[in-house]
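S.K.: For chain C, the structure is supplied; the task is to place chains U and R on it using the hints.
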Amino acid sequence: MTPIHLVRDVLDNQLIDATGKNAGKVDGIVLELRDGQPPRVTFIEVGPVTLARRLNRRLGGCVARIDARLGAGRGAPIRIPVSRIALDEPSIRVDLVVSSTPIMALEKWLREKIVRRIPWS
Amino acid sequence: MKRWLGVALGIVTSIGGFLEIGSIATAAQGGAEYRYQLAWVIVFSTVCIALLIEMAGRFAAVSKHTIADAMRERFGIHFFMVPLTLVFCISLLTLAAEIGGVAVAIELVTGIHYTVWALPVCLLAWILLWYGTFSIIENGVSLLGLITIAFVVAAVHLGPDWHELAGGIVPSLAAKQPAHYWFIAVSILGASVSPYLFYFYSSGAIEENWNETNLAPNRVTAAVGMGFGGFLSVAVLVVAALVYAPRGVKVEHYQQLPLLLSAPWGRAGFLIFSGSLFITCIGATAEIALALAYKIAQGFGWNWGEDLEPRDDARFSLTYTMILILSMLLVLVGIDPLKLTNLAMALTAAALPVAILPFLVLMNDAKYLDNHTNHWLGNLAILVISLLAGVVAIVSIPLEIIGGS
Amino acid sequence: MVVNAADSPSELHVEALLGRVLHDADGRKIGRIEELVAEQRGTEWIVVELHVGIGALLERVVELSTLLPMTGALRQKLTVRYRVPWQQLDVRDPDHPRVLVRLGDLKRVMRAI
Numbered sequence: 001m002t003p004i005h006l007v008r009d010v011l012d013n014q015l016i017d018a019t020g021k022n023a024g025k026v027d028g029i030v031l032e033l034r035d036g037q038p039p040r041v042t043f044i045e046v047g048p049v050t051l052a053r054r055l056n057r058r059l060g061g062c063v064a065r066i067d068a069r070l071g072a073g074r075g076a077p078i079r080i081p082v083s084r085i086a087l088d089e090p091s092i093r094v095d096l097v098v099s100s101t102p103i104m105a106l107e108k109w110l111r112e113k114i115v116r117r118i119p120w121s
Numbered sequence: 001m002k003r004w005l006g007v008a009l010g011i012v013t014s015i016g017g018f019l020e021i022g023s024i025a026t027a028a029q030g031g032a033e034y035r036y037q038l039a040w041v042i043v044f045s046t047v048c049i050a051l052l053i054e055m056a057g058r059f060a061a062v063s064k065h066t067i068a069d070a071m072r073e074r075f076g077i078h079f080f081m082v083p084l085t086l087v088f089c090i091s092l093l094t095l096a097a098e099i100g101g102v103a104v105a106i107e108l109v110t111g112i113h114y115t116v117w118a119l120p121v122c123l124l125a126w127i128l129l130w131y132g133t134f135s136i137i138e139n140g141v142s143l144l145g146l147i148t149i150a151f152v153v154a155a156v157h158l159g160p161d162w163h164e165l166a167g168g169i170v171p172s173l174a175a176k177q178p179a180h181y182w183f184i185a186v187s188i189l190g191a192s193v194s195p196y197l198f199y200f201y202s203s204g205a206i207e208e209n210w211n212e213t214n215l216a217p218n219r220v221t222a223a224v225g226m227g228f229g230g231f232l233s234v235a236v237l238v239v240a241a242l243v244y245a246p247r248g249v250k251v252e253h254y255q256q257l258p259l260l261l262s263a264p265w266g267r268a269g270f271l272i273f274s275g276s277l278f279i280t281c282i283g284a285t286a287e288i289a290l291a292l293a294y295k296i297a298q299g300f301g302w303n304w305g306e307d308l309e310p311r312d313d314a315r316f317s318l319t320y321t322m323i324l325i326l327s328m329l330l331v332l333v334g335i336d337p338l339k340l341t342n343l344a345m346a347l348t349a350a351a352l353p354v355a356i357l358p359f360l361v362l363m364n365d366a367k368y369l370d371n372h373t374n375h376w377l378g379n380l381a382i383l384v385i386s387l388l389a390g391v392v393a394i395v396s397i398p399l400e401i402i403g404g405s
Numbered sequence: 001m002v003v004n005a006a007d008s009p010s011e012l013h014v015e016a017l018l019g020r021v022l023h024d025a026d027g028r029k030i031g032r033i034e035e036l037v038a039e040q041r042g043t044e045w046i047v048v049e050l051h052v053g054i055g056a057l058l059e060r061v062v063e064l065s066t067l068l069p070m071t072g073a074l075r076q077k078l079t080v081r082y083r084v085p086w087q088q089l090d091v092r093d094p095d096h097p098r099v100l101v102r103l104g105d106l107k108r109v110m111r112a113i
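Just so you know, the protein sequences line up as chains C, U and R, in that order. The opening residue of the first sequence carries number 1 in the numbering used here; numbering runs sequentially from there. The opening residue of the second sequence carries number 1 in the numbering used here; numbering runs sequentially from there. The opening residue of the third sequence carries number 1 in the numbering used here; numbering runs sequentially from there.
Mixed in with the good hints there might be a few duds.
[To be verified] Only pairs whose alpha carbons sit at most 25 Å apart, straight line, appear in this in silico DSS-like list of lysine-lysine: (1) K64/U with K21/C; (2) K250/U with K176/U; (3) K21/C with K367/U; (4) K108/C with K21/C; (5) K64/U with K367/U; (6) K113/C with K21/C.
Derived from the structure by calculation, the hints contain no laboratory data.
Chain C on its own, in the form it takes in the complex:
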């Protein structure tokens, strides 16, 4: 069984979605602690809230409040079940189309509110 180095090969690695688009970096990994059994990796986390929290907890809270304004599904860490990812080189594949998830909310917001208002964009 090939060991999976969670920090070297998963954390901070690039995610690519089912359409080949960049889906962010793995900003966090969630473990489920179980009595009498080794922990299980349950989710990876993506998004500025997780990232900010890694740098500084208070910053994480700040970013969460701003992030919540982007709409449904934001303002909290975004989690993807580990069953949806495949370790691939050079990136990690996610079998989702991210444009239909909250992951792309900031991108969408900027596109609608700013980019589309610039002529010939």
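M.R.: Relative to the frame of chain C, chains U and R by itself:
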């Protein structure tokens, strides 16, 4: 055949894109005050940047990662924030110097103060990036930059003492004012060896879908293109030595720079100089803004690409927009463009160890590069040059400031 | 399939453990947690061990053998790495993770360069 045409284009754009306000101003000051004595610094810098550019292209072609992407992946977000922040701040100053350079070029021709032109220049650069493609910026502007061959023509025309010039290629200590000598030396180095260049280059290699078949052409382009580019820098130094030094002129104001070409060629030379400054600085402006946006986007895993439409990579596009605006504000504040240039170049040199060492670690990682990792000689050369540059810069910058320039 | 959830008490973040100093049963410092290793069992990823120490950091970050030659005591010091099986770990307080055994009883791995 097509591949070798690509090499030729790469060489030509490297030459045309080599000079910008940093290399022109620092070489001019070096030539004016120390004649050919600092030519060796240009040679060292050129070798260094040629090696780094080759590495950047090789890294992207083999690993299919950009440098920023791999830096976060390998070292983690906490470490990544350090070179990100440092290179970002210093490159922002450099970008302001380039925007200032374009604005100065327009002031030279129109007589209207450069701060008036800061916003139009920023807008022009933004239009190039927003509506243009990677090819237009990389190739189009750089091809126009071939106008800088005028410096070589001027150097030959003015007839340098070739023997004395050859002597300048050998490293030497300062004939006078050692602190100032070393400050100019690190500024010259910082002008050529700019970290934004290798972020830009590795991103470009990914934009153009490089693979292992690009490795040999990449080596040729880096060596020949950068080599000839360095040659242009030496030409500026030579012209400065022949134009300023005999007149006892120290280059302290940007209005003195056109003398480089107006002294030998009058009004025509003045216009060629202004045109050269305009083209080279607008190219550098676009490159730096892109390079910083690439670094941020790749560090955070966003969709990015100059060849994408802004609606497909809104975060990336708006990042370079904000970067241009921030730099423009620095210009509007009215910091003298020449002083800003000197400071930005020297700070770039001071930050080189922080910017380059992680890159060097990646270049020796077989997980990314298979059997294309660095040769120990390349490692040693880069290590020595970047550490020396960092140390000398950290010592000489305060001395220069205290010395009151 | 993409969910938001606040952390529950039975959850732990890998990045929260990363870099934390690990102490043994006597309170002696072992080193910093630099890697968590999992195995795929069926569709699940099960965490099996932690790697602790400077050697573990270097294992993750840089291939020293190709970068610089190293000799003697320096090499010894930089290759210290402990593998801590999950069963020997107490992470009820993630800010102060502990090992349930003494330092001397941990499996010590000297990395071959």
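S.K.: Look at each hint and say if it fits the structure.
M.R.: We went through each hint and held it up to the structure:
{"no.": "1", "hint": "K64/U with K21/C", "verdict": "holds (15 Å)"}
{"no.": "2", "hint": "K250/U with K176/U", "verdict": "holds (14 Å)"}
{"no.": "3", "hint": "K21/C with K367/U", "verdict": "holds (23 Å)"}
{"no.": "4", "hint": "K108/C with K21/C", "verdict": "holds (14 Å)"}
{"no.": "5", "hint": "K64/U with K367/U", "verdict": "holds (12 Å)"}
{"no.": "6", "hint": "K113/C with K21/C", "verdict": "holds (22 Å)"}
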